[in-house]
Each structure stands twice: as C-alpha cells, then as structure tokens.
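Assemble the whole structure, with the sequences as input and the hints as a guide.
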Amino acid sequence: MKKPRRALTREPEIPVASFVDLAFLLNIFFIMVTSFAEFSGVIADVPSAERSQAVAEQTPTIAIQENKFTFNDKEISLADLKQRLTELNLTNKTGEAKVVLLEAQGKIPYQAYFEIMADVSAAGGVIGIVQDEGSQ
Amino acid sequence: MKYQRPPAKHIEIPVASLGDIAFLLITFFMFCSTFSRTGGGKIAPPQSPHLTQLLEGKVSVDIDEEGKIYVQGQIVPDANAVETSVSILIEGATTDQGKTVMFKCDKHVTKQVFEPVLGAIAKAGATIAALGERPTDKQETQP
Numbered sequence: 001m002k003k004p005r006r007a008l009t010r011e012p013e014i015p016v017a018s019f020v021d022l023a024f025l026l027n028i029f030f031i032m033v034t035s036f037a038e039f040s041g042v043i044a045d046v047p048s049a050e051r052s053q054a055v056a057e058q059t060p061t062i063a064i065q066e067n068k069f070t071f072n073d074k075e076i077s078l079a080d081l082k083q084r085l086t087e088l089n090l091t092n093k094t095g096e097a098k099v100v101l102l103e104a105q106g107k108i109p110y111q112a113y114f115e116i117m118a119d120v121s122a123a124g125g126v127i128g129i130v131q132d133e134g135s136q
Numbered sequence: 001m002k003y004q005r006p007p008a009k010h011i012e013i014p015v016a017s018l019g020d021i022a023f024l025l026i027t028f029f030m031f032c033s034t035f036s037r038t039g040g041g042k043i044a045p046p047q048s049p050h051l052t053q054l055l056e057g058k059v060s061v062d063i064d065e066e067g068k069i070y071v072q073g074q075i076v077p078d079a080n081a082v083e084t085s086v087s088i089l090i091e092g093a094t095t096d097q098g099k100t101v102m103f104k105c106d107k108h109v110t111k112q113v114f115e116p117v118l119g120a121i122a123k124a125g126a127t128i129a130a131l132g133e134r135p136t137d138k139q140e141t142q143p
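Top line first, the protein sequences correspond to chains A and B. Residue 1 is where the first sequence starts when you use our numbering, and the numbers rise one by one after that. Residue 1 is where the second sequence starts when you use our numbering, and the numbers rise one by one after that.
Calculated directly from the structure, the hints in this document are not laboratory data. Honestly, I wouldn't trust all of these hints.
To be verified - Straight-line distance between alpha carbons at most 20 Å, and here's what the computed SDA-like set of lysine to any residue pairs gives:
(1) A/107 x B/64
(2) B/123 x A/126
(3) A/82 x A/92
(4) A/98 x B/50
These numbers come from a predicted model, not from an experiment.
Structure (structure tokens):
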C-alpha cells in the first residue's frame, strides 16, 4: 500500500488588508468631525437675587441704552467708561465692593452687553444684573 | 543572443503594522473627543478684545439667532426651565469648573431674551462663562 502523501505545511495567514481600510475610514471620520475647541470669553460671577439685595446703593452702575452708556447716571463714552472702571481699582477690592451693576434699557443686543461684561471683567469687577420686574 | 525574462516574483507589502498605527490614531481621537453639546441653531458669537482663555464647563446654555434657548443641546421653553435644569445639572458639583455654565448667545439677540436666562443661571447658583471671540483685524466691534 502506498503511503498517503503529506500535504505541504503552509503558514496560516489572517487577511488584514481590509481591516486597515476600515480603520482608516474611522480615522477619516474622526478627523472630519473633530474640531479642537478653544473657549474664550469672560467669567461673570453674577450675584443671585438674594445677594444682590444686600448690595449697597452706592454700587457703581452702568446703564446701556441704545447707542449710549451711562455711568452712575452720567452719560459717558465707551473709552471713558473703561477709564472709570480702571480708576475704581476693582482688582484690589473684595466681596461686594467688586460688584458693578449692569442695567440694559430698551432693545439692547447681546453684543453691547457682552462688551461691557468683558470690560468689567477685565477691570477685575464682578457683574451684577439689574433686571426689569417684567423680564423675570 | 536570447534574453530570458526572469520569472515573475510575487511581492507582498506587510500591512499588519499599518492597522496598529490606524487603531492607535482612533484610540487617540476617541479619548480626546467630546461630542458638542450646543444646540442646532446658528449662533454668531459676540466680540471683544478683552477675553481670557476658559476651561470647558460641564453645562452649556445657548441662545440661537432666533432666540431659542438650549440646555445641553436640548431646546427648553423659557428661563424658568433653564433655572431648573441648571440647578439639577450642577447639583453635587464641588469644583468651580463643575459649577460653571458655558453661556453662548447670538450677538443680535435682544435683552428681553438673554437677560432672564442670565438671571436664571445666576439664581441656580452657577458661575457664568460667557463665550465670545476676539475680533480679527478686518472685523470691527459695534456697540
């Protein structure tokens, strides 16, 4: 009887070529949908209603009206307002002495409000919102 | 003289390690990515030159150009809903970052819309991180 011939030994291989294609497709998905988020803005530590009642009447108040600003009821330009905020030396103050009240009157866009918030924040102050009774 | 062509050789490029590199890249993206929690509406951010770099807070409140309010990307009806949602979301937070709300609002939205929302976030006991962008050279900020 003839001896059965032994099959040639062959190294088993797992096909991984398509696996790589899949991985790179996933990579492309992540690259396309990912955006490295950078958050820039201002921290507005707005006092809550209970705290704001305790704020003294002499707190500096900025009112924003359409196309004009008032600081403690006196009309002021934006450049002068920044100067006045610097003069207040809010950075070296603590607690409620840092609070600057912000009052918007009329149909003020958020852009104007945000600019003042950024200026107060840059001067070291804390923003307190004066709200109309009707808007609450 | 007869020239004999050498027999065709089967060349194989080893691609097994390429897969490892691709999966390493995927792992990097998966660990570094967070899915955006902003609402679906268009938001034109306000501009100011006096902005600082902020760390990302866990809660986001957005107001789009149409005045729609979103908390964590989900639309909410009014400022009262913002107060309730934010106070639930920041409940138990011990760090400043945990109590920070990322507030993004379209620059054209009027006071009647954004002010009650800011008040509601403050009432909930959170710190507001108002997001904006620095104006580029070509852009001018308008009060």
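Which of the stated hints cannot be reconciled with the structure, identified by number in ascending sequence?
Nothing - there is no hint that the structure violates, so all of them hold.
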